[in-house]
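Use the sequences and the hints to build the structure in full.
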Amino acid sequence: MQTSIGYGCIFLAAVCWAFLGPAGRFAMNEGLTPLEVAFWRAALGCVLFLLHAARTHTLKLQSAIDLGAFALFGLVSLASLFVCYQHAVQNGGAALTSVLLYTAPAWVAVFSRLIFGERLTAFTIAAIGMSLAGVACVSFSGTDAGALPTPVFPLAGVVFGLLAGLLYSTMYIFTKSYLKRYTTYTLYGFSMVFASLGLLPFVSRLPATATAWGSLLFIALVCTYLGFWAYGEGLKRLAPTKAAVLCTLEPVVATAVAWWLWDERFSGLGWVGAALIIGAVLVLVITAQKERSNT
717 MQTSIGYGCI FLAAVCWAFL GPAGRFAMNE GLTPLEVAFW RAALGCVLFL
767 LHAARTHTLK LQSAIDLGAF ALFGLVSLAS LFVCYQHAVQ NGGAALTSVL
817 LYTAPAWVAV FSRLIFGERL TAFTIAAIGM SLAGVACVSF SGTDAGALPT
867 PVFPLAGVVF GLLAGLLYST MYIFTKSYLK RYTTYTLYGF SMVFASLGLL
917 PFVSRLPATA TAWGSLLFIA LVCTYLGFWA YGEGLKRLAP TKAAVLCTLE
967 PVVATAVAWW LWDERFSGLG WVGAALIIGA VLVLVITAQK ERSNT
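Those letters in the sequence shown? Residues 717 to 1011, by this note's numbering.
In case anyone wonders, no lab produced these hints; they're calculated from the structure. Because the structure is a prediction, the values reported are computed rather than measured. Among these hints, one or two may not hold up.
[Said to hold, decoys possible] Cross-link-like lysine-lysine pairs, in silico, DSSO-like; alpha carbons within 30 Å at most:
| id | residue 1 | residue 2 |
| --- | --- | --- |
| 1 | Lys-892 | Lys-952 |
| 2 | Lys-776 | Lys-892 |
| 3 | Lys-776 | Lys-952 |
| 4 | Lys-896 | Lys-776 |
| 5 | Lys-896 | Lys-952 |
Written as structure tokens, this is what we have:
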């Protein structure tokens, strides 16, 4: 029963996050900058998480060290991730951004080797190669819609998308570690306080239209509060590899949403790149699962 709930939670998180790019574009079309969208996402999201923690009587810290960890995670990982994601959407489109976000497992493999001395298997190296080749295909493919600022090679979108994937890879390590002692909403509530404080200096005005506020509230409620809550609850009940496989549904859903709203789609080469990236993710997580079953 718990496993089934876990699958449902991760699937829900993937669907919630898939709508982030389109909702962010609606907000930016109303005059908001990527930094302002990122701020309101963190600020409104932290309010929802803290209210949930207060209602369940879990709004408390176990040590001052944990507060420092939440501050570091909020500022370095969450705030920077939110900013890079919105910049990537603005410069490269929602579909491209969602695919590039899933270079995260390749980043994890590289850092594990450099920092922890983890052995890279042939499957891991092959997966990294597939991921990089996929990024190249997506980057040089252009789009068919003509709705993006740079139709052939959206360099800024690619760079910010890769940075978002790098920052996203740090989220799993922190979340998995602290979920042993904190609820999902307490963990993200405190972290997003610091994320919003870090982004506050870049906000110069309030959103001016109902569409802007509607987009921001959707991002806060669905893409942030519900998405992160479901992600945390899923990680409590599933092995990391299973959760990672299910999360690869996000770029599929995001691409479908971008096509539905703006007719934004990849050319043939772009679809090859997307398939290579998602295939690389599957190779990484399935190999990790086999290695664990053999130990």
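Tested hints:
Pair hint Lys-892 plus Lys-952 holds up; C-alpha atoms about 8 Å apart against a cutoff of 30 Å. Restraint check for Lys-776 and Lys-892: satisfied, since their Cα atoms lie roughly 19 Å apart, inside the 30 Å limit. The hinted pair formed by Lys-776 and Lys-952 meets the criterion: a straight-line CA distance of about 20 Å does not exceed 30 Å. At roughly 15 Å between alpha-carbon atoms, Lys-896 and Lys-776 fall within 30 Å of each other, so this suggested pair holds.
Of the pairs offered as hints, the one joining Lys-896 and Lys-952 holds, with about 9 Å between alpha carbons and a cut-off of 30 Å not exceeded.
Comparing the model with each numbered hint stated earlier shows that all of them hold.
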